[in-house]
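Undergrad: Residue numbers (the UniProt record's numbering), protein chains in the order written: chain A, 1 to 366; chain B, 1 to 366; chain C, 1 to 366; chain D, 1 to 366.
Do not rely on the hints blindly, as some may be mistaken.
Repeated chains share a single entry, so a pair holds when one copy, or any two copies, can fit it.
Claimed, not checked - Pairs of lysine-lysine residues, derived as DSSO-like cross-links and limited to a Cα-Cα distance of at most 27 angstroms, are as follows:
| no. | residue 1 | residue 2 |
| --- | --- | --- |
| 1 | LYS365 | LYS5 |
| 2 | LYS19 | LYS5 |
| 3 | LYS84 | LYS332 |
| 4 | LYS329 | LYS84 |
| 5 | LYS53 | LYS19 |
| 6 | LYS5 | LYS195 |
| 7 | LYS195 | LYS327 |
| 8 | LYS53 | LYS329 |
| 9 | LYS365 | LYS146 |
| 10 | LYS157 | LYS220 |
| 11 | LYS240 | LYS329 |
If you're looking for bench data, these hints aren't it; they were derived computationally from the structure.
Number of protein chains: 4
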Amino acid sequence: MSDQKYSTIHYHNYLEIDKLLSIQNTRSAALGDAAHDETLFIIMHQVYELWFKQIMTELDSVCILFREEQVNEDNMNTVLLRLKRISTIVSLMVEQIHVMETLTPLDFLDFRDYLFPASGFQSMQFRMIESTLGLREEDRMTYHGKSYKIVFNEEQKARLEGIESGGSLFELVERWLERTPFLRFEGFDFLSSYKEAVDRMLHKEQASISGSEYLDERMKAMRLKMLGDSNSYFKHVLSKEEHERMMAEGECRLSYEATIAALLINLYRDKPILNIPFNLLTELMNIDELLTTWRYRHAQMVMRMIGNKIGTGGSSGHDYLAATAEKHKIFKDLHNISSLLIPRSELPDLPEGVERNLGFYFSGKK
Amino acid sequence: MSDQKYSTIHYHNYLEIDKLLSIQNTRSAALGDAAHDETLFIIMHQVYELWFKQIMTELDSVCILFREEQVNEDNMNTVLLRLKRISTIVSLMVEQIHVMETLTPLDFLDFRDYLFPASGFQSMQFRMIESTLGLREEDRMTYHGKSYKIVFNEEQKARLEGIESGGSLFELVERWLERTPFLRFEGFDFLSSYKEAVDRMLHKEQASISGSEYLDERMKAMRLKMLGDSNSYFKHVLSKEEHERMMAEGECRLSYEATIAALLINLYRDKPILNIPFNLLTELMNIDELLTTWRYRHAQMVMRMIGNKIGTGGSSGHDYLAATAEKHKIFKDLHNISSLLIPRSELPDLPEGVERNLGFYFSGKK
Amino acid sequence: MSDQKYSTIHYHNYLEIDKLLSIQNTRSAALGDAAHDETLFIIMHQVYELWFKQIMTELDSVCILFREEQVNEDNMNTVLLRLKRISTIVSLMVEQIHVMETLTPLDFLDFRDYLFPASGFQSMQFRMIESTLGLREEDRMTYHGKSYKIVFNEEQKARLEGIESGGSLFELVERWLERTPFLRFEGFDFLSSYKEAVDRMLHKEQASISGSEYLDERMKAMRLKMLGDSNSYFKHVLSKEEHERMMAEGECRLSYEATIAALLINLYRDKPILNIPFNLLTELMNIDELLTTWRYRHAQMVMRMIGNKIGTGGSSGHDYLAATAEKHKIFKDLHNISSLLIPRSELPDLPEGVERNLGFYFSGKK
Amino acid sequence: MSDQKYSTIHYHNYLEIDKLLSIQNTRSAALGDAAHDETLFIIMHQVYELWFKQIMTELDSVCILFREEQVNEDNMNTVLLRLKRISTIVSLMVEQIHVMETLTPLDFLDFRDYLFPASGFQSMQFRMIESTLGLREEDRMTYHGKSYKIVFNEEQKARLEGIESGGSLFELVERWLERTPFLRFEGFDFLSSYKEAVDRMLHKEQASISGSEYLDERMKAMRLKMLGDSNSYFKHVLSKEEHERMMAEGECRLSYEATIAALLINLYRDKPILNIPFNLLTELMNIDELLTTWRYRHAQMVMRMIGNKIGTGGSSGHDYLAATAEKHKIFKDLHNISSLLIPRSELPDLPEGVERNLGFYFSGKK
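One chain only, chain A, in its complex shape (with noise of 0.2 angstroms):
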């Protein structure tokens, strides 16, 4: 029966909207006085668990077309196509709260009480979306000192912590940094090469600054102590030792080849086979700071909802969510790169033969 797909399908039960539309049941009318604006409280946390639910999707995919051992060359637009819809979607996100901040304080206390213990912290696809890109038990807050999977059941506690143990799609993007063959390729080698433009700019530098006729003592101080503050992040990714006591103490997480491989593609970007990692690693950092953005602007929100009180969920509302904005950032070494980047001038010129191999195969083989 190959042709049932001709089979036909009116909207209203391709969406199942009677469904949809059925499952708004305001509590304040089914335990007392109706209140006109619970049921946009529902809808926007439906919506809200909607758009959780497609994000979810995308991730999924992404980890599993990033989880081959050599990752298929011809998916990595469609990776980079799907992160781009997850922005795309917590942008949206974003916006939604315009829509929750026309629910004044004083009508939502004509239903808050209803809703006790109900809390966002419930809400099980957040915490995937978290888990799944990379947060781990560790980075998130503790909720009444407690671990926030308190709040769910066993069934969804097993499902999170199989998210937990199962590769993130932080380590996905480890890994596949960790195995990009340019560090070391054709007698290049990156990270020597890399040194020595770092050192020759920051000499070239200190005796330009030192020597400058435009500048006044205190001008000199400055500028040489900003210098001195970059040189100190360069020295970081010059030593392998002190990256891994920074990630010992948590100060950073990703690995060192890691890292380098992330800075090697920032700064050879313009090559054709980095021009989509490069793309990648900025939507990654894109979705990152829309989330850190989302939990500070539903931060903000809820101030405004109920000012410094507790929230239904027993927790200090505001308090709790704009901590959690910086602290469940994920690819925080990803920003950091940019304190290690040179200008594109100071880099020195790649080998022929490397060159050519960041380039197409068609214009290469000529």
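Once you've looked at the hints, dock chains B, C and D against the given chain A.
TA: Chains B, C and D alone, transformed into the frame defined by chain A:
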């Protein structure tokens, strides 16, 4: 059992998450090869339907507050806040098209064939929104020469007819405007006073332009043409007969009395009793404009998705939608009030008695 | 020469396009190798400065309208519309950060060195906006332990001091709130009436929770804790002494009388005379929140651009900005009013005389 | 004096703030009564002109990179990032219309008379953007039956003519597409292979529809009509003669070879060498669509501001702008590629040699 409100509830149950997340069943998976992007397609439409439900919730409540013979002044700001909520939601709906646009034409082809003949034309709730706002059957684009209702079942048709015959927001606002007591009040005749001001202004300007040493003949002619053009607009409002001819010929819809009242509200919007009415008329225009933008962006998105091909519903996709953008605008007459405004400096002062009546009791009684 | 207004003007001259487009002179081109992206960097900041000028234009006009002993009621909606314009502009400023983010860290390095020690800290207009809104010197982050004014010249310092001592919008709004006549009016004492309602509500709830068959002991304890928490907030407002202690210790800033008035406006916002005041307080919170978001997004963008490196102005870029986000919030006390609200159903009816005085003359005199 | 780059600079001087803030000189203040909102009007337009300059900066640089005989592959991602920057800016320009809409029609009347005959039609930079993208004189709306250039002086006209005759982005992209080597390559003839796939697909579908037990006669007819409609679109691309007839009659503009290349890029977008070209064509459509939206929203705003009155420039304001929205779209032919796509599952596999040539040297040489 008055304290049943203290029964506890979990986020998961409150929002009926299980049901909500069980209704994204892709046809591609059921009837052929699962297409990754079909989930997005379903979720995007379900989110729209949730927002439509919320808009209907607000519209219904606003209509009830407006339906009273004498609208309760204590409800006016509530009406305004609910209309603003609708604007905020439609703004978000416009932004959501960016998510839709992450679905590329090629990926859409992976499941497009399964959707026949489902189509957005079959969204009952969107038609309800348009009709509740005031779109009449005769104002609508026809569907292959037939009524837009043809895609609905009998029960749905009946529901739409009920709305169409039951007093739309347009009609309620029209009647509310017609009841404005200040058109003729304590010896003040707004229309005469306005006519005089318009005449005075036009004559003064005509003389100034004609005698100006700053304008050459071509510029004088151009300015006088513009003045004449304005003049002809003023004439419409100065003559009830002309207005009724225009109504009969479908050039405008809002009654003469309501038009004059809307003009008065716009000109004297700074008077306390007219503050909220002015903001409320502005908000109706916002909603109208945002819905127009949504239809327009929707048409653009369809063009991108299927080019000039016929849509799954059998219509000429893009062209139909683009045509409805302006045609389905409802409060055009409010937008046109701008043509009738004259600078505040040209307006005569209000008699003291009228002035007091446009203010607060607290201020006026002294 | 009264008709000089008829002299003609070309778009190009009206907007002084030649001058406007002649002031994007890149340092990289002047002092070294032209960096493509420096033009963007200049234009982005110039656009911000233009918006700052517009915001100052609106703020100054609003302050003038508020400065009168008895604010003219005919100006209140104008104030509201101008505050909304500020919100709209700050919203756009937040969106503009997306343009800034198209400047990649690597491209920024091509001209960053030329900018020393220029920095956004040196924007005079932004400081003026903050001070005019009501940010005091003592509320600000210090700049390397010194006054933020250190980067300005003497004339600029004097101007900022003038603003700081001249009556900010915060102070004008505070005085306007304090003048609200309805706190004690025709035998109605708002504060006593509110206190009684709060007590009644708290007792009723406490009894209900304790006796509820729907709550187990842990849940009862949690709810009672939340109730107690609310209670402690109410206490602050119930005691002028406590409020003054909090003011002295910097925990709040808005005077006791003004706080009570803001509470009254929020609770009785549906009364006509309080409609615009309520919308106006909401708009002040919007502006505050949007500026906070702008600072926060700005901090995120800086993190992305330079990682943890020191900014061109010598500050710790990201951390400084992130810290100002909340710290420079001005109308926190208005956000906190939410903590003091009680459901409308708990409010006592207003005496008829009071009710009439909160309405329109036209309605009340009948 | 190589270290002149260390000369210091203040934010205030770098951005030429004094000049920037000195050019908002209102005509209302100079010639009559100062109108509060005129400053906003000037600033809004100046901000637009600054963005126009930035867009021109990007367009000029992109055209230079594209103008080389063989576009340097190391520049392709830079081109993409600059086109995305343009999209981001135009998105912001669309949002800015909300600021424009805070200027109410009544307030506009306070200074509208002073602006004659200035008009947005006189923005030189906006015309340059349209022409550089590829809008030809003959594609433009005429201005009272005359060339749009009539409002410019001789030097400006010459500049616009230079752009119009100098190779627009449309033409550069067209030539770049025409050079695609993969249309006929190592024994693979894309067009024949595509034609066969289309025929195979159409026949299979026709048979399935005709024989389907799931469709009644009306539905069969409808589906076959849709199929026939698709078929007629395919025919255009299958025949060079037909395409050239369409070009001659102005129904399309992009050359036959370029159209086929764009089709190939869309169908095989997952191959590494086509990743950036695909994203780049998408970005051109984004820019086109966003500019269309901007014109459309602009038209809406004008309708709101002056209703149906004639604009200060003497044109029929809203109608002119609304008509340009679609008419001035430049890359319509790229949007129409969607009509020609077929599902990936219908595409034949590429010969191994071709496949390798669409990949990276590093992967292919093994």
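Undergrad: Reference check for the pair LYS365 and LYS146, CA-CA at most 27 angstroms: within, between, both, or neither?
TA: Classified as neither; 60 angstroms inside a copy, 55 angstroms across copies.
Undergrad: Have a look at LYS195 and LYS327 and pick one of within, between, both or neither, based on CA distance no larger than 27 angstroms.
TA: neither (32 angstroms within a copy, 40 angstroms between copies)
Undergrad: Between the shortest in-copy and the shortest cross-copy C-alpha distance, which are at most 27 angstroms for LYS329 and LYS84: within, between, both, or neither?
TA: both (18 angstroms within a copy, 26 angstroms between copies)
Undergrad: For LYS240 vs LYS329, is the C-alpha pair at or below 27 angstroms within one copy, between two copies, both, or neither?
TA: Only inside one copy: LYS240 and LYS329 sit 24 angstroms apart there, 42 angstroms across copies, limit 27 angstroms.
Undergrad: State whether the alpha carbon distance between LYS5 and LYS195 is at most 27 angstroms within one copy, between copies, both, or neither.
TA: This pair counts as between: shortest inter-copy Cα distance 24 angstroms, intra-copy 61 angstroms.
Undergrad: From the Cα coordinates, with 27 angstroms as the cut-off, is the pair LYS157 and LYS220 best called within, between, both, or neither?
TA: Close across copies (25 angstroms), not inside one copy (57 angstroms); limit 27 angstroms.
Undergrad: Go through the copies and call it for LYS84 and LYS332: within, between, both or neither, with a Cα cutoff of 27 angstroms.
TA: both (19 angstroms within a copy, 24 angstroms between copies)
Undergrad: Regarding LYS53 and LYS19, is the shortest C-alpha distance of 27 angstroms or less found within a copy, between copies, in both, or in neither?
TA: Answer is both; intra-copy 17 angstroms and inter-copy 13 angstroms each pass.
Undergrad: Is it within, between, both or neither when you check LYS365 against LYS5 at 27 angstroms Cα-Cα?
TA: Result: close neither inside a copy nor across copies, 46 angstroms intra and 43 angstroms inter.
Undergrad: Checking LYS19 and LYS5: alpha-carbon separation at most 27 angstroms within a copy, between copies, both or neither?
TA: Both. Shortest intra-copy (23 angstroms) and inter-copy (26 angstroms) distances satisfy the 27 angstroms Cα cut-off.
Undergrad: When Cα atoms must be at most 27 angstroms apart, do LYS53 and LYS329 count as within-copy, between-copy, both, or neither?
TA: within (20 angstroms within a copy, 35 angstroms between copies)
In the structure shown, a violation is registered for the earlier hints numbered 1, 7 and 9, in ascending order.
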